[in-house]
Amino acid sequence: MHITVEFYGVLRQVMGVQSVGLELFNNTVHEALERLCQQQPQLSIHLPRIACAVDDEIVSHEYLVPDGATLALIPPVSGGDT
Amino acid sequence: MKHLRSEPLDLAALLDETGNPASGALVVFGGTVRNENQGRTVSGIDYTAHASLAEKTLAEIEQDTLRRFDIQQCRIVHRTGDLSLQEFSVLVVVRAAHRAEAFDAARHAIDTLKQRTPIWKQERYIDGDSRYLEGVPILNPQQRPE
Chain A
45 MHITVEFYGV LRQVMGVQSV GLELFNNTVH EALERLCQQQ PQLSIHLPRI
95 ACAVDDEIVS HEYLVPDGAT LALIPPVSGG DT
Chain B
-7 MKHLRSEPLD LAALLDETGN PASGALVVFG GTVRNENQGR TVSGIDYTAH
43 ASLAEKTLAE IEQDTLRRFD IQQCRIVHRT GDLSLQEFSV LVVVRAAHRA
93 EAFDAARHAI DTLKQRTPIW KQERYIDGDS RYLEGVPILN PQQRPE
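Line by line, the protein sequences give chains A and B.
Just so you know, the first sequence maps onto residues 45 to 126 in the numbering used here.
Just so you know, the second sequence maps onto residues -7 to 138 in the numbering used here.
Next comes chain B alone, as it looks inside the complex:
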């Protein structure tokens, strides 16, 4: 199942895909491009990825989240390419019978994504400058906390 998209993310399609009559709760996390970071005015962000490793990692995070929480669906999609302000960079969709697990699972999925997925952000500024943002070093599987 494809997790990286080069075109704008389609939330409606994800909601259709994950629809489940046994679900009483739907939680969506959407990351969007913000207009300011550390005092600099942002004009956009370029997202790049190690595509095959990112696809594999996002699939693992979905499965891990489904195992850890009492939920019915977890889907993650991430954009690559040049994004403008307020465009969705990532969508996490979780469905569960009840809201507590849905909220917890969605937070776990996005927090884990940010620690493990080989995706990088190069921020662009209105003065024409750009820079890669500081990130989190990927750990070997043996180094990861359970």
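Next comes chain A alone, as it looks inside the complex:
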């Protein structure tokens, strides 16, 4: 199955693109992140602080991403102190 992964914030700078296509076998967010890190190792250091979203919902790493869906990678937000 094929999904689109969108990058936001600093991840766009890290990846050099706004989005990529990704082929998955067992459809989980976990697999998507693993495959991305294999292809783009510079993403690995950011993973522990990334949230994932599908259809405007924050989802867990066990979430099954539907075929054709867009997975958004959300780095830490709204930077700046109070």
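Hints are computed from structural coordinates only; laboratory data are not their basis.
We treat Cβ as the ideally placed atom computed from N, Cα and C, and that holds for glycine.
Don't take each hint at face value.
[Said to hold, decoys possible] Distance windows between CB atoms, simulated:
| hint | chain 1 | residue 1 | chain 2 | residue 2 | range |
| --- | --- | --- | --- | --- | --- |
| 1 | A | D99 | B | H90 | 36 to 42 angstroms |
| 2 | A | Q83 | B | G120 | 30 to 36 angstroms |
| 3 | B | G16 | A | S88 | 51 to 57 angstroms |
| 4 | B | L77 | A | V61 | 26 to 32 angstroms |
| 5 | A | G60 | B | S44 | 22 to 28 angstroms |
| 6 | B | A51 | A | G65 | 28 to 34 angstroms |
| 7 | B | R123 | A | P92 | 39 to 45 angstroms |
| 8 | B | D62 | A | V64 | 44 to 50 angstroms |
| 9 | A | V61 | B | D103 | 32 to 38 angstroms |
| 10 | A | G60 | B | A43 | 45 to 51 angstroms |
| 11 | A | P110 | B | G22 | 39 to 45 angstroms |
| 12 | A | Q86 | B | S44 | 24 to 30 angstroms |
| 13 | A | S88 | B | R123 | 37 to 43 angstroms |
Knowing the structure of chain A, use the given hints to seat chain B on it.
Showing chain B alone in chain A's frame:
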């Protein structure tokens, strides 16, 4: 109701929109671009967002704030795009019968926005350099404290 704006924020329009004869208190929080951060001289900030998730989140924060506090209005608007010094990046407008709740609600709204809203700041400096600012990891709804 649109919460993200690509044009300069209009405080007068928000005041008109939220006007309520039952309100005795109005609190406005405005975030503006500051000229210095961590010892570096700032020339501006570029704000980007996951637009649909940010719209949804800001609407939720408005409704959550209305539920938690004895207030009559809570409106939040956030700018995206390249901002210059002193431009408004965000406006929070709260109206209530009394000031104590209005102040508390406005603080809650902006503090929650900064923890939950998928908006990012890339700071630009007068030496031509720029960097994304450190932020707060978004939690799954199950992880959020009540």
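Starting from the range 39 to 45 angstroms, see whether the pair R123 (chain B) and P92 (chain A) falls in it by beta-carbon distance.
-> 20 angstroms, violated
Given the hint of 36 to 42 angstroms, check if D99 (chain A) and H90 (chain B) actually sit that far apart at their C-beta atoms.
-> The hint (36 to 42 angstroms, Cβ to Cβ) holds, given that D99 (chain A) and H90 (chain B) are roughly 40 angstroms apart.
Has the hinted range 24 to 30 angstroms been met by the Cβ atoms of Q86 (chain A) and S44 (chain B)?
-> At 27 angstroms between Cβs, range holds.
51 to 57 angstroms as the expected CB spacing between S88 (chain A) and G16 (chain B), which holds or is violated | Roughly 54 angstroms apart at Cβ, these two residues keep to the hinted range, so it holds.
Take the C-beta atom of G60 (chain A) and the C-beta atom of A43 (chain B), compute their distance, and say whether it sits inside 45 to 51 angstroms.
-> 21 angstroms, violated
If you check the beta carbons of S88 (chain A) and R123 (chain B), does the distance land in 37 to 43 angstroms?
-> Once the Cβ atoms are compared, 20 angstroms apart, the range 37 to 43 angstroms for R123 (chain B) and S88 (chain A) is violated.
Does the Cβ-Cβ separation between G60 (chain A) and S44 (chain B) fall within 22 to 28 angstroms?
-> 24 angstroms, holds
Supplied distance hint 28 to 34 angstroms, evaluated on CB atoms of A51 (chain B) and G65 (chain A) | Check passed, 31 angstroms falls within 28 to 34 angstroms.
C-beta pair V61 (chain A), D103 (chain B): status relative to the range 32 to 38 angstroms that was hinted | Given a distance of about 33 angstroms, which is inside 32 to 38 angstroms, the answer is holds.
Does the Cβ pair P110 (chain A), G22 (chain B) satisfy 39 to 45 angstroms?
-> 41 angstroms, holds
Lying within 44 to 50 angstroms: is that true of the beta-carbon distance D62 (chain B) to V64 (chain A)?
-> 48 angstroms, holds
Given the range 30 to 36 angstroms, decide if the beta-carbon distance of Q83 (chain A) to G120 (chain B) lies inside it.
-> 32 angstroms, holds
Of the hints listed earlier, those the structure fails to meet are numbers 7, 10 and 13, in rising order.
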